[in-house]
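Asks: Here's the letter readout for the chains.
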Amino acid sequence: MSDISVPAPRLPGGLTRATLIGVALLAVLSLSAAAGLRYGLLLAIGLGFGLVLEGLRFGFAGPWRAMILRRDPAGLIAQLVSIGLVAIIAIPLIAANGTELIGAHAPVGWAMIGGAFVFGACMQIVLGCGSGTLVNAGSGNAVSALALPFFAIGSFAGAYHLLWWTNLGTAPIVALSGTQGLVITLVALAAVAGLVLFLAAPGTRRLPRRLWLAAVLLAALALANLVVAGQPWGVVYGLGLWAAKGVTAFGVDLSGSGFWALPTNQTRLAESVLTDVTSLTNIGIIGGAFIVAVWRSGLSARLPGLPARAWIGTIIAGFLLGYASRLAFGCNVGAFFSGISTGSLHGWVWFAAAFAGSFQGIRIRRALGLDG
Amino acid sequence: MLTRKFTAMLTLIILTALLWLDLVNSKPLDPFRAPAVLALGSGQAGAGAHCAALPTAD
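Quick mapping for you: the protein sequence lines, in order, are chains A and B. Using our numbering, you'd call the opening residue of the first sequence number 1 and step up by one each time. Using our numbering, you'd call the opening residue of the second sequence number 1 and step up by one each time.
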């Protein structure tokens, strides 16, 4: 036996990789013991989302920007692959277990379309979508860290007013189900992928291996989320709940809101966020991204020196990200990723409207001086 | 000069403070009231606390 030992890799702040993993495991085990195994599992799934998104650099806003500005389709194709993989299992699974599992099914309406357009614009302004803002905040991105609390406040306010907006005009929910629904979804995903590849710049059509891996891992985590929680991966409900709990802690009565007064939401307000599905995965995403950032020694980068208009724009865009995503019945995760992968028509409409909004957001980001 | 370490730590500190505030102001956690580990196969209906859920009075 050799007495040569390899020292544990040391990271900034005296943290070791073993410490980071140990703290994450301890959090999962502690929550499992204190609240129940389902909640521990959901925190673990959230950590997995954060590790994959940050570790393999899988995003939503950035790839859309790359497609629009450079006709680089790789990230967008990876999103479509991941959505397709989830759909192959989720659509039949929901059809067979309709009581226990619910899809991200929402109606198309005027406010939904407008909300998706505004969300698409704002996610390009801050270069962070629902999951992206959490990942970026966890990895020390100052723009996202500033946007995040306003995202939560916006999500709370959007939910507060949601019924007023849906009353402006909302069609019945259309959810593709069964074999036919799955085939339509996969053909539509393939058609979009084909169009994206047709429009791509020469030499950009190959996906790097990390994106294939990320697409598969993300799909597995999204399916785990569905099987454990009974509902698909989402982000913005949890953020709005955090703000709602904040205002109720100061004695504000939310019974005047048609949304927050509903029994489901009253229960969520009374219970800890540590028993709320989307809150747990959101916390996990922030934690997972932090672990990767520390692991990579990525926290030593200096904060950007941006003009005042950029910071003011970030606050406004952060609020609008939250508000608009509630009107749109989800963000890039709840509506686009989970909506399409569970057969909801609103996911497709969200995709089109948010992509159109992204063109405007890229222009506004430049005008605000956020491009540096 | 501030680095990303400052914002990442600030985010974690604020998140921890929010969780503490939440635990103080919410019903206590109770593992004996926890739902089944997996929703699939549990026979329990989904809670519907999702961003895509259309709020109804039902």
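These are calculated hints, taken from the structure and not from any lab test. Treat the numbers as computed from the prediction; the structure is a model and nothing was measured. The reader is advised that the hints may include incorrect statements.
Calculated Cβ distances over 12 Å to all of chain B for the following chain A residues [said to hold, decoys possible]:
id: 1; residue: ALA190
id: 2; residue: ALA229
id: 3; residue: ARG268
id: 4; residue: VAL277
id: 5; residue: VAL294
Now the in silico label distances, taken between C-beta atoms and shown as ranges [stated by the list, open to error]:
id: 6; chain 1: B; residue 1: THR56; chain 2: A; residue 2: GLY178; range: 46 to 56 Å
id: 7; chain 1: B; residue 1: GLY43; chain 2: A; residue 2: LEU168; range: 14 to 24 Å
id: 8; chain 1: A; residue 1: ARG57; chain 2: B; residue 2: LEU38; range: 25 to 35 Å
id: 9; chain 1: A; residue 1: TRP164; chain 2: B; residue 2: ARG33; range: 13 to 23 Å
Covered stretches of chain B (chain A as the covering partner; in silico rule of three or more C-beta atoms under 8 Å from a C-beta of chain A) [what the hints assert, rightly or not]:
id: 10; segment: 10–18
id: 11; segment: 21–27
id: 12; segment: 30–41
id: 13; segment: 47–53
Heads up, the beta-carbon is just placed ideally off N, CA and C, and yes, glycines get one too.
Asks: So which hints don't hold here, by number, going up?
Replies: Of the numbered hints, 2, 3, 4, 5, 6, 7 and 9 do not hold.
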